[in-house]
Each structure stands twice: as C-alpha cells, then as structure tokens.
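Chemist: Here is what each chain is made of, one letter per residue.
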Amino acid sequence: MGLAKRIIPCLDVKAGRVVKGVNFVGLRDAGDPVEIARRYDEQGADELTFLDITASSDGRDLIIGVVEAVAAQVFIPMTVGGGVRSVQDVRRLLNAGADKVSINTAAVQNPDLVSEATGRFGAQCIVVAIDAKRVPDGGALRWEVYTHGGRKPTGLDALEWGRRMEQAGAGEILLTSMDRDGTRNGFDLELTLAFSEALSIPIVASGGVGNLDHLVDGVLKGHADAVLAASIFHYGEYTVREAKEHMARHGIEVRL
Amino acid sequence: MTDVAVVDYGMGNLRSVAKAVERVAPRLAVAVTSDPETVRCAARVVFPGQGAMPDCMRELQARGLREAVVEAARGKPFLGICIGLQMLFERSDEGGIAGLGLLPGQVRRFPVEKMTDAQGMRLKVPHMGWNQVRQTVPHALWEGIPQDARFYFVHSFFPEPANRGIVAAESFYGVPFACACARDNVFAVQFHPEKSQAAGLQLLANFVAWQPTVRRVTEPISASPAT
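Chains as they are written, first to last, in this note's numbering: chain A, 1 to 256; chain B, 1 to 227.
Bound conformation, chain B alone:
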C-alpha cells in the first residue's frame, strides 16, 4: 500500500516533492501517481501544483483525479502545496475560474501597482524567494519550526480565506496574506516546503507523522458558518 501519494496531474515537477518526502520518511512507500485508485488507497496525500491554476484544474478533471482528491481532502492527512493550496478554495482571480470549494474564500493576485517596500522601492511579482512565516495557531505541522522561519515562495496569486478560522500562518509581501491554511485533516501552504531546506523538511516530517482528527464532511465546507 502507498503510504504517501503525490498527486500527479501532469503539471510541473513533482520529483522534488517526492524526493523531499522520501528524505524525511525513508521507510515509507512514496508514489508519484496519476491513478485515482492509488490516491484513494493511500494513507496520506500530497497535492502539489505549479503553473497556472486554470490549466491545473483542467488537467485534474481530464485525468479523472478530481473526485479522488476531494475525497482525500475530506478524509485523510492531506497537504496542499502552492497551486495545490489555491485549488482548494472556491474561486481564483487567475482565469476567473472555480476551484474545488473545499476551503471558503478566493484566490487574489498581488496588487503589483500598489506594492512598495519600506524604502519605497517597487515590489516585484512573482513574489519569489525566502519570506518569513508567522504561525498564527499552534499546529502539529509547526512542531519544531521556529516562529518567523523563512520558507521559499514563488507565486503571483495568494489565498484570501473567507473564514479567519482556517488561517494557520501569515506572510507579508506588500500586503499581509495567509500563507498556510488548516482545517481538520487538511493543511495547505503557499510556499514550497520541498525547497525550503531545514524548515521545509521539518514540515514534511511533521506531515508524515501527523494524526489529525478527521471530521467527515458531507456538505460543502464553504456552506458552513464562518467562525
């Protein structure tokens, strides 16, 4: 049986994600897979993503993986990374398309024309490089990771949760934004733990050891009341 399934829907490089998980969990069976059945049977699921969200959503659908991913996000330890986080939300400004609707909120583009740093210099988009992550809640996945540790980011869009209760960490780039979200068995990050050296590997090690309480959700999460 697959311990950790890395969902492959044909977008970008998943090798780094798999290699990083193998590094922190050498005894686990890690599979990069595009087979819905393997995703369904895996104990844990990593949902990465690169590129444009409309393409990612289309490929996910075309490869018959959408249902398996939604199911996994409702029932087992689930880690979304980058576009894999963005797709969990209801809607994205990128292409104006709907996401999976598993987390309440929208995905926005950085307002590049309004963004300057402390010296008044214009901030570049994509937001690319190592930024600080301010943990806003205690969580098993933050275990052993210092407050304000730096992680590697590369993105032009960011999540805007409709419910503050799901924010697990914030970063600041011209504007404050949620860079990690958590709900029940789902943890999702905008940065790339697989490229974030020691802090990133620690987060992945925490993920493979994580035993979340799973709340079986029958109705769409976005319909639940805001807290």
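So here's chain A without its partners, still in its complex pose:
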C-alpha cells in the first residue's frame, strides 16, 4: 500500500491544437485537446500535461480557453506550461483550471520568478521544466540546460540548476532529455537517475518513450516518480491502461 507511480500523457498544444514533433521540430497534427484529454482520463491517466508551444503571442491566449474547457470536464490534475513569463501568467493559468504551472525559459531569465510564484501560490503548483542536453566533452557525464523550446544553450549545468530550483521552492521537476525527445529510444536513464538521487522533490521523466518497457525503465532504473509520454498514446499504439498494466506486471505500483 502506498503512493502510485504516475503516468502522464503530454499534449503539446499549438494554436489550440495538439501537435507532436521530433527533436522539437517537424510538427504533426494529433487532434483536439479536449477530446484527447477526455480519452486519456477514461483510460486512467493520472495527470495531464499541456505544453503550449505556440510561437506567437497572438495564439498564446488560446491555451487559456483550452485549459478552461478541459478543467470543466476532466477531474484529474492538470499541469500547463509554455510561455509562462510572470506571476500574472501563473495566476491566469491557475484561475483557468490548471493545478500546476510549469516554468522553463522564464526561470532561467529570472530565477526569482520561481521563488515569487511558489511564495504566492505554494510549492505544490510550481513545476520547473528543464530541457537538458548531454555535453559531449569526453569528461564526466553532464548535461546543459537549453531554453526557448530547446533552441538556446544557457551554459548552465542541469543538475546544479535543478538543485537551485528546488531551493527556490519548486514542487516538482519536469525533466526532458533533448537528446532523446521524439526519438523513441527510451529515456536518458542516467539523466533521470542523477536528478532522482540529487533532489528530494518529485521528478517527472520525459523525452524518448517508444514502447512500454521504456516507462518501466524510467521508474525502475531512473527512479522517476512519474513518467511522461506523448506519441505512443496520441497515435493509439498503446492506451494508458495498457501502459499501467505493463508496469504493474513489472512490480510497479500504479493506479488501475
């Protein structure tokens, strides 16, 4: 008896539609967000994550409508991120029905935003999203933080950055491997494990899931508290329920 490991389908939203790309580019339309959210809820998803990847500020407000529509119909926790720049943005998303707001680029540009937001709304609703990429210098294994949807290197060491964000009050880390995202080769387990061991807040592993064994590995080898995936669910390859049953067969505690 205890806490279940969470399975979180991720919906990348662009101008009000769900899309999915490979290595952060090459987007394909995957459908209506409300419809997809409802389907995942029925399949037993533990949580939903919406990432707004709308590039223009014109399309930005559409996500508020999406969040409102989903929150009125789906009664599981919802994390929303993408383009969150201020405490005001956090407030608007929470008021629209988000339970957690994920901050990425803006946290790097203004680290005080995270402590301000957690001070105001509580650690439980502030997630710091970290896009990490391996540094190929042949020395010790390390990762660099990228921002702007994975386009901009920051020079920050990912693990060190994660620790700082924990101290700033973040309630959870959404950890995406840029090397693996969209490749379907599985999570970067060394990255996941490094974070799980170094931090005492929950880690959501993201980037690279291509089959159900990858989800099992994320928990058993990467020690992730939650596993996030997109394409394996969007195109109907696996249902969330199948994923959970597979994890349960490997001795992982899940909500069935």
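Because the hints were derived from the structure by calculation, they are not lab data.
The model shown is predicted, which means the values in this text are computed figures rather than measured ones.
Be aware that a few hints might be false.
As the list claims (entries may be wrong) - To give an idea of the interface, some chain B residues facing chain A are shown, with a C-beta separation under 7 Å as derived from the structure:
1. ALA52
2. VAL112
3. LYS114
4. LYS124
5. MET128
6. GLY129
7. ASN131
8. VAL154
9. PHE172
10. TYR173
11. PHE177
12. GLN197
13. ALA199
Note that CB positions come from ideal geometry on N, CA and C, so glycine has one too.
For chain A, the structure is supplied; the task is to place chain B on it using the hints.
Modeler: Leaving out everything else, chain B in the frame of chain A:
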C-alpha cells in the same frame, strides 16, 4: 439561496472545486464566494485551500471570513479540503502558527530525511500523486467508495489528531497519517476529491446529499475530553 458555498479567501484555484461540485449536483446553486454573509446563509460549505497555511490563515482573517467559517463548521454540512483540513486544527508546524482550533491536534511536516519506501528508495516531499485511502470508520461520505480507493494528494504537511476518535481514514507515506477526519457535521480530507476522478466525484456527491446530525458546540472542541 446558495446551496453550496465554496469559500474563497484568495488562495489558489477554486474553479476545479466548484466545477466538480457542479458536475455531481447540476441542480444546486454553487457559489465561489468571499462574502461572509453568503457563507453564513449557504446550506453547505466547502472550505478548500492551497499554498502555505500561514498565508491562508492571514487571508481568511483579512477578508473577514474567519468567523463565518467557524460558524459554518459548527452548524452545517462542512467539507474541508487540503489546507482547508489543516486549518481546522489547533496548530501547524508550517510557520508555527495557530489554526482555527475546531479539531484537536497539530499539523506536522513529513520527516523527509527518515522516509524510504519498501525498496529503500528515498520518498519525495511533497507527497504528490495517487495514494490509497483506508477508511477506518463507516461514514455517509464513504458511501459507494471502495476500501483502499486511490485519491490524489499533494502536500508536505499532514494532520496529527490528538483524538483518534475523529480519524475517518488513514494513508501511508513513509509514516501512517490521518488523511480524513470527521466530527459531527464536519468532514475534512487531506487529498483533493475534485482531482480524484470517479472516487473523488463520488465523495462530493455524498457530501451534497449528506444529512449529518448537528451538535451545536458552544465551547472549543479542543477542550472536550479525548475518547
């Protein structure tokens, strides 16, 4: 008249709570309100909460809602959720502040440095996700909810009632803790029914149908003898 008042003291998102209550009771008038008078007149009161308890207590006071909430907890069907449960107790380790003193006991922080799971892996705090709820007493609000059903939790502090008689359910996260408390017309849960899918909606449906026996309490509950 308001059937269900969701108390709004400016902390966090109450939309989900209101939407979930509307879903299970489409014919009832549900109001998210910061008006003490509306709280006083409502047939039922939901007292949610998010964020840090010291901020919640301060805002409750600043908005003049404290008395209306205390009154409601003494006289009508009352559902506390998360920090809304914690505030009912006498005192919290979070900021070392006093609560409303309507339930006997303290609010403690998870001892993160001592907590490991069955495999010896360190447990993370906040306790975030779906955990099992072991009902320890029969209660109208458990109607139709299976024993050990999972509910969604997100919190770093938990209640430690001074009186075992008020515990309605327990969960386990490194340590066993009371995740639901009940006394007369008050039911309070540490988890989020509004985010707990079918089981959560069932609990809210039970709450809006609940007809508790109301015992008018004149002295502070914490002063009453432990059972």
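Chemist: Min Cβ distance, GLY129 (chain B) to chain A: is it shorter than 7 Å?
Modeler: 5 Å, holds
Chemist: Hint ALA199 (chain B) vs chain A: min CB-CB distance below 7 Å?
Modeler: 10 Å, violated
Chemist: Verify the interface restraint on PHE177 (chain B): the C-beta must sit less than 7 Å from at least one C-beta of chain A.
Modeler: Check failed: Cβ of PHE177 (chain B) comes no nearer than 12 Å to chain A, outside 7 Å.
Chemist: Would the hint on VAL154 (chain B) stand, with a C-beta cut-off of 7 Å toward chain A?
Modeler: Holds, because the Cβ-Cβ distance from VAL154 (chain B) to chain A comes to roughly 5 Å (cut-off 7 Å).
Chemist: Interface hint check: GLN197 (chain B), Cβ to nearest Cβ on chain A, cutoff 7 Å. Holds or violated?
Modeler: 5 Å, holds
Chemist: Using the nearest Cβ pair, does ALA52 (chain B) come within less than 7 Å of chain A?
Modeler: 6 Å, holds
Chemist: With a cut-off of 7 Å on the beta carbons, see whether MET128 (chain B) makes it to chain A.
Modeler: It holds, given that the least Cβ distance between MET128 (chain B) and chain A is near 5 Å, below 7 Å.
Chemist: Is the shortest C-beta separation between LYS124 (chain B) and chain A less than 7 Å?
Modeler: Cβ of LYS124 (chain B) sits 5 Å from chain A, so the hint holds.
Chemist: Given TYR173 (chain B) as an interface hint, is its Cβ closer than 7 Å to any Cβ of chain A?
Modeler: Constraint on TYR173 (chain B) satisfied, holds at 6 Å.
Chemist: With chain A as the partner, please determine if ASN131 (chain B) meets the hint condition of a C-beta pair closer than 7 Å.
Modeler: With a minimum Cβ separation of about 5 Å from chain A (threshold 7 Å), the hint on ASN131 (chain B) holds.
Chemist: Hint check: is the beta carbon of VAL112 (chain B) less than 7 Å from a beta carbon of chain A?
Modeler: 6 Å, holds
Chemist: For the hint on PHE172 (chain B), just tell me whether its beta-carbon gets within less than 7 Å of chain A.
Modeler: 6 Å, holds
The structure does not agree with the numbered hints 3, 11, 13 stated previously, though it agrees with the rest.
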